[in-house]
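Engineer: Generate coordinates for the entire structure from the input sequences, incorporating the hints supplied.
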Amino acid sequence: MRNLFRFLVRYHFFLLFLVAQVWALTSAFRIRPYHQSYAWNSAQNAAASVQKVYTDAKNYTRLRKINRDLAHENAALRARLSGSRMDETIRKGAVQDSLQSYTFQEAEVINASFHKRSNYLTINRGFNHGVRPGQGVISPRGVVGVVHEVSKHYATVIPILHRRTRLSGSMARTKHFGSVLWEGGNHRIATMVDVARQANVKKGDWVLSDTRSGLFPSGIKIGQVKSFALDPSSQSFVLDVALSVDFAALQTVYVVENLYKKERRALEVHAEPDTP
Amino acid sequence: MRTVLLYVLSLVLVMAFQLLLLENVQLLGYLNPYYYPILILLWPLKWNRGLSIVVAFGLGFIMDFIENSGGLHTSALVLLAYVRPLLLRSLVARAVEEGLSVDLPTLGPSKFMTFTAMGLFTFHFWLFSLEAFAWSEFFWVLIRSLASTAVSAVMIYATQLLMLSKE
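Chains as they are written, first to last, in my numbering: chain A, 1 to 276; chain B, 1001 to 1167.
Any given hint could be a false lead.
Example chain B residues on the side facing chain A (calculated, C-beta under 7 Å, incomplete) [said to hold, decoys possible]:
1. R1049
2. F1057
3. G1071
4. L1072
Some but not every residue of chain B turned toward chain A, in silico, with C-beta under 8 Å [unchecked claim]:
5. G1060
6. N1068
7. S1075
8. L1100
9. D1103
10. W1126
11. E1131
12. E1137
Please keep in mind that the hints were generated in silico from the structure rather than gathered at the bench.
Ideal Cβ placement from N, Cα and C applies to all residues, glycine included.
Structural biologist: Structural data, given as structure tokens:
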């Protein structure tokens, strides 16, 4: 007993250090399930509301650019209205019908990082606004990421600039699939892998979102091919993609809800191959 | 008492500077310097060493909370608080026993810079390694740590000069 006591006195700094270190490392590396709320995270209101005040002030100075982005988007959307198209179909008892399959919830980015290996965004919409973990997030310029955790009024988003990101994308011209991921470093460049050798990639090709993940509508911009190389081991292309979203200047985003996600999941569950 | 008050005041100022300004600055596109370790780095040796670990824990917690980094900052700053006396002892043999104050005039420019650089490198390297957590990114982590250390060290040195000129 006395020896134990002497040991504690002698090494109390080290023990204190050890306790603090173990606590920090376990909370850093604990596996966090998607839906489980988590104690120190800016989805929690205290940090988020402080950040909001600051971001509001900062965004005021960027209004001109934000307006321009939104105007660009309006123009693109206007071009897609049926009124701006010439209808050449001959209607012979054809029923024109369509169902809405995606809805969009606008949100503002109130906190963001882009210089770390794994970055996060915080947005000012949460559970009360219908945001749920796993929904896609886009911006007027293109794909942003996926909702990570949700509190009542806020949500955190895992952007493309994250170690765990793997988004499905497709080449606009040839429709070949691939996965977009980020290898760190430059926040304007992502990597696309597993693009089939037949894809005939060219510099400047657009990489767009596709519906394989069910997170985004198809055709949302991810980026443009900057350079490419053939990976000799897998015989598929590896592309450097210049991201169309500038994560260093991101304000307005939309959370995408796929209204048919459940139905599709229920169906696809049966089609999934046995995992070893 | 006066030094404690001064420390609390500088704690508030340094954290505000880190969170409101530096968090939004990036050099060369990806480099984000951390200045707040100065609060642990220059912790007076006369003060309780255990308390420095507790304060490091608290400051790291705040950073993790704001940056969504789990416990990475806590871990790195606690490590810095723990190894700091060892680093000092390696530079000035009886520094800890004599309770030297850790600043530029006491240590002299070369020892002060060596100490600052070693401490900051420990902090950044630990932080970035845990963040990347892959051997494949070792050199990238190393380069980022060295660059961040250099920038932070210069800022801390400048702070010291500024305080000298005031006195």
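Engineer: Any CB of chain A closer than 8 Å to the CB of B/L1100?
Structural biologist: violated, 18 Å
Engineer: Interface hint check: B/D1103, Cβ to nearest Cβ on chain A, cutoff 8 Å. Holds or violated?
Structural biologist: This interface hint is violated because 23 Å lies over the 8 Å limit.
Engineer: With a cut-off of 8 Å, does the beta carbon of B/S1075 approach a beta carbon of chain A closely enough for the hint to hold?
Structural biologist: Holds. Min distance 4 Å.
Engineer: Does B/F1057 pass the interface hint, meaning its C-beta sits closer than 7 Å to a C-beta of chain A?
Structural biologist: Hint holds; B/F1057 Cβ to chain A Cβ min 5 Å, cut 7 Å.
Engineer: Was the hint right that B/E1137 lines chain A, CB cutoff 8 Å?
Structural biologist: holds, 6 Å
Engineer: With 8 Å as the cut and Cβ atoms as the points, is B/W1126 at the interface with chain A?
Structural biologist: violated, 10 Å
Engineer: Using the nearest Cβ pair, does B/G1060 come within less than 8 Å of chain A?
Structural biologist: With a closest approach of 7 Å, the B/G1060 hint holds.
Engineer: Is the interface hint satisfied for B/G1071? The criterion is a beta-carbon contact with chain A at less than 7 Å.
Structural biologist: holds, 4 Å
Engineer: Is the interface hint satisfied for B/E1131? The criterion is a beta-carbon contact with chain A at less than 8 Å.
Structural biologist: It holds, given that the least Cβ distance between B/E1131 and chain A is near 5 Å, below 8 Å.
Engineer: Could you check if B/R1049 really has its C-beta closer than 7 Å to a C-beta on chain A?
Structural biologist: At about 5 Å, which falls below the 7 Å cut-off, the nearest Cβ of chain A leaves the hint on B/R1049 intact, so it holds.
Engineer: With 7 Å as the cut and Cβ atoms as the points, is B/L1072 at the interface with chain A?
Structural biologist: holds, 5 Å
Engineer: So, as I understand it, the hint says B/N1068 touches chain A; can you test that by seeing if any CB pair is closer than 8 Å?
Structural biologist: OK, holds: B/N1068 within 8 Å of chain A, min 4 Å.
Hint compliance for this structure: hints 8, 9, 10 are broken, all remaining hints hold.
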